[in-house]
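> Going line by line, the protein sequences match chains A and B.
The first sequence begins at 109 in our numbering and counts up by one.
The second sequence begins at 35 in our numbering and counts up by one.
Read the hints as simulated data drawn from the structure, not as lab findings.
A virtual CB, placed ideally from N, CA and C, is assigned to each residue, including glycine.
Coverage of chain A stretches by chain B, computed from C-beta distances (three or more under 8 Å per stretch; other residues unrestricted):
| id | segment |
| --- | --- |
| 1 | 285 to 291 |
| 2 | 319 to 333 |
| 3 | 349 to 363 |
For lysine-lysine, the following BS3-like pairs were computed, each having C-alpha atoms within a straight-line distance of at most 30 Å:
| id | chain 1 | residue 1 | chain 2 | residue 2 |
| --- | --- | --- | --- | --- |
| 4 | A | LYS144 | A | LYS342 |
| 5 | A | LYS249 | A | LYS144 |
| 6 | B | LYS435 | A | LYS287 |
| 7 | B | LYS542 | A | LYS344 |
| 8 | B | LYS507 | B | LYS534 |
| 9 | B | LYS435 | A | LYS342 |
| 10 | A | LYS344 | B | LYS435 |
| 11 | A | LYS249 | A | LYS301 |
| 12 | A | LYS344 | B | LYS504 |
| 13 | B | LYS504 | A | LYS287 |
| 14 | B | LYS322 | A | LYS287 |
| 15 | B | LYS143 | A | LYS287 |
The lines below spell out each chain.
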Amino acid sequence: MNRYFSLITAAVITLLFIGCAKDNMEPNKDTNDALKIAEGYAIGAGVQVQLYAAAPLTTGYNFVSIALTDSVSGQSIEEAAITLMPMMDMGTMKHSAPVENPASKASNKRFNGALVFTMPSGSMGSWAVEVTVTVNGRQGKATLPVAITEPRQNKLKSFVSKVDNKKYWLALVQPTAPKVGVNDLELAIYEAKGMMAFPADSSLAVAVTPEMPTMGHGSPNNIDPVHTGKGHYKGKVNFTMTGLWYLNLNFKKGDAVADNATFFEVNF
Amino acid sequence: MKSLYAFIGCLLLTGIAAAQEKDLTDSVRTVLLQEVTVAAQQRGQQQHLYRYFTANKAATTEDIMARIPELSLVRRGSYGMEPIIRSFNSNQVALLLDGMRIHGACTDKMDPTSIYIEPVNLNSMEVRTNGSSLLVGSSVGGSINMKLAEASCHDEGRFSGSASTGYHSASRAFFSSANFNYATSRFGLRATGTYRNSGAYRDGSGQRVPFSQYEKVNYTLHGKLKLNDGAYLRVDLLADDGWNIGYPALPMDVGYANARIGSVTFVQESGWRGWERAEAKLYANRVKHYMDDTKRPAVPMHMDMPGVSRTSGMYAEAVRSLGVGQKLQLRADASATMLKASMTMYQPGQPDMYMLTWPDNRQVQGGVAAQYQLRIDSATQVQVSGRVDVTDYALTSQGGKDQLAVFGYSGEQMGFVIPALSVQVSRKLFPSLKASFSLGMNGRAPSAGELFGFYLFNQFDGHDYIGNTKLRKEIGQQAELTLSWQQQKWKVQASGYISKVRHYIFGKINPGLSVMTPGARGVKTYENTAQALLAGGEGSVVYQPFSGTQLVSTLKYAHAQDNTGNPLPLIAPLRNISTLRQHFNALWLQAEMELAAAQRRVSVAANERSTGAFSLVHLRAGYQLQQGRVLWQLNAGVENILDAYYREHLDWGNIARPGRNVYMQVSVGF
Chain A
109 MNRYFSLITA AVITLLFIGC AKDNMEPNKD TNDALKIAEG YAIGAGVQVQ LYAAAPLTTG
169 YNFVSIALTD SVSGQSIEEA AITLMPMMDM GTMKHSAPVE NPASKASNKR FNGALVFTMP
229 SGSMGSWAVE VTVTVNGRQG KATLPVAITE PRQNKLKSFV SKVDNKKYWL ALVQPTAPKV
289 GVNDLELAIY EAKGMMAFPA DSSLAVAVTP EMPTMGHGSP NNIDPVHTGK GHYKGKVNFT
349 MTGLWYLNLN FKKGDAVADN ATFFEVNF
Chain B
35 MKSLYAFIGC LLLTGIAAAQ EKDLTDSVRT VLLQEVTVAA QQRGQQQHLY RYFTANKAAT
95 TEDIMARIPE LSLVRRGSYG MEPIIRSFNS NQVALLLDGM RIHGACTDKM DPTSIYIEPV
155 NLNSMEVRTN GSSLLVGSSV GGSINMKLAE ASCHDEGRFS GSASTGYHSA SRAFFSSANF
215 NYATSRFGLR ATGTYRNSGA YRDGSGQRVP FSQYEKVNYT LHGKLKLNDG AYLRVDLLAD
275 DGWNIGYPAL PMDVGYANAR IGSVTFVQES GWRGWERAEA KLYANRVKHY MDDTKRPAVP
335 MHMDMPGVSR TSGMYAEAVR SLGVGQKLQL RADASATMLK ASMTMYQPGQ PDMYMLTWPD
395 NRQVQGGVAA QYQLRIDSAT QVQVSGRVDV TDYALTSQGG KDQLAVFGYS GEQMGFVIPA
455 LSVQVSRKLF PSLKASFSLG MNGRAPSAGE LFGFYLFNQF DGHDYIGNTK LRKEIGQQAE
515 LTLSWQQQKW KVQASGYISK VRHYIFGKIN PGLSVMTPGA RGVKTYENTA QALLAGGEGS
575 VVYQPFSGTQ LVSTLKYAHA QDNTGNPLPL IAPLRNISTL RQHFNALWLQ AEMELAAAQR
635 RVSVAANERS TGAFSLVHLR AGYQLQQGRV LWQLNAGVEN ILDAYYREHL DWGNIARPGR
695 NVYMQVSVGF
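So here's chain A without its partners, still in its complex pose (with noise of 0.2 Å):
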């Protein structure tokens, strides 16, 4: 009888709660604040600077934000030129990263910029992000040391072009939290001119296959990426169930193929 009680009660709080979604539980993408990764004075400019991110700094691309205040008067600075620029030492050779940085004009007292580290820090070198500012024209230069480590997966490809021999640097921005469903795919594409020019890129025209390598399907519907600015490409991806997936890419410079063996993986 007990069973059929509880069949019952099950069956009305069933009902009750239909509707009731849980709470939307991702986090907030926006937030590139949450961790303070390192600060410094910009002498010269007369202008403590705080170096802020999501979480740790990984190879690949990150979001970052910068707060600038004055050293005398303890005021925030709203606004100001940045530049940044990401120094790897090896000892023996320096080469930088590529970077976005912030406009003039801080949102929340907090300049919104980005940083694509091209490999982890450790015995083969260290980093550095040089943070140079200019306000009401005086500037300075704040140099910051941080802990780059590789992140669980890997979110930073780089591939020789077949077309015209070009180094380009890929980082996978979005999906950031995967899910079953429809994903944002965004992926920032640099050129590597040397070591220390990364200028974005858009020449490039990419398709995205998604595939699930354990069970050999892909994912219907996918939208291909194009250039939406700032080396920034934007597209769809779907994955149809939770697991391991390949984003399979493939680049053309016009016509030819430029790139065709570079995935992703994304597992979640």
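Position chain B relative to chain A; hints supplied.
Frame of chain A, contents of chain B only:
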């Protein structure tokens, strides 16, 4: 061997249990195939067939359904055969248990509601073809309502019951059931239990068919309380647990399947403010189903597929007379169903692959219906039925919505309003010949699987199926003519029907999609096709040349095609069952012959294979012995005596049916 011992043990036990009085004939059974209340002659034919076939106490609910000409069974294994009416598919037929809606929890339809009904619980079966079915629900193919046996009250308080046990040789199956009733003038209690344990069966070539075994228990408790004159309250609880159920025609078996079904019914049987009879029921049920493939050899990747369905609902109906020869029946019903099914695949060393195969969804349905009967003169009767049904679907989880967004779902409304109307005229043309003609229009909302199914692999045509949230309702238009001729020794009935189903829902190959299931041939998406045409007929003859001798023969044929003239899948071929039964006092003997023509009209779109003709011969016998208050019944027989190796056209896979089977069943009632 073990089950044979158990069988013998049970025989002994039943003998000991046999202590007291009364016969064990279950309550009255009826089949209403065309609901013609006044035309008792026509109804009599179907009732006659039903009674005739249930005289074999060893027959299961499915055995009986297989012999009713209007019904066919879709078979994926020896358990859970899916009853359909004519050539309509199971989504088009409303299958009700005592008026209750129960939604299967299996995405592959391995748990039709009929599995919860054991012969010991079955009071009667109402099969209504299109025209008259709209009273109980919206469907384009008709309705099957299996009525539960109920507790009864009796002026002298008494205890009665029965027990039976049986054995089938082909599947080394052992069945056992019992029921006990306690009745007083105020209240009645009834409890039943059934246990079935079937091994893998042997087919006509002598081979055991792997994964055709099953085991289950079913138990019910019924209470009845008289409230005042003519009014009573019923409480019915049913539990059914099946496990280790093999489906040889499918790539997966069932680890467990269980159902919990409960209802409270108020019945007013004598007149109340002009109403002849009124009934209202509140019910709730839950079905859990768990497919697994752990017992299958060489599975590339293990997976399991659990599903759960919860339904609660109510209906109220009442009948009243509106003067001489006029009758009005009203019914209102509503139900809410919540469904969820998922699939998890396991690859060692990797995270589990999980997806929703039926994304969490709920279906709310409500309808009002009325039926008006008018007897114009002693020979003519008109019946008009109407119904308006509203069905609304919604996805209830963000995960489910996200998943279907892959196929373009963007929060659209999925509501369906379905009007239905049917008119039937019956007329006695000659004293022994009666004709009945009906015209009807009905419809149905798409099923949850057709709307939301997510890469559901269909072994029948080897395709992954994708639901379509933009489906429209199906609309059926049907005409049916029944002639019945009755004389002292002969009862003959023939029906012909033609049905046009607009927006017929059918899986269409979607070349833009790639398969999910390894080995699948392609992906199909449910679409509304322009229309399908289903036609056919059934006939039956009952001939009683002498008292004690009865010849019963039924025949059916169906034809179904889509809008391009191509055959629809799963259409039963021409089929005849003839039986001759002879009674000798307490003993009866019966010879039975089943003939089925080949079915070569197959659906190429569904990769359907053709099926050869076959003929089967069965011999059955029954014997009754009354010892004081104790009634013994012995049923035994040999099915498929010639050990034919055959499959029926509605059987999935290339799986043969059982070969020669010797069965025996002993029942004792008191």
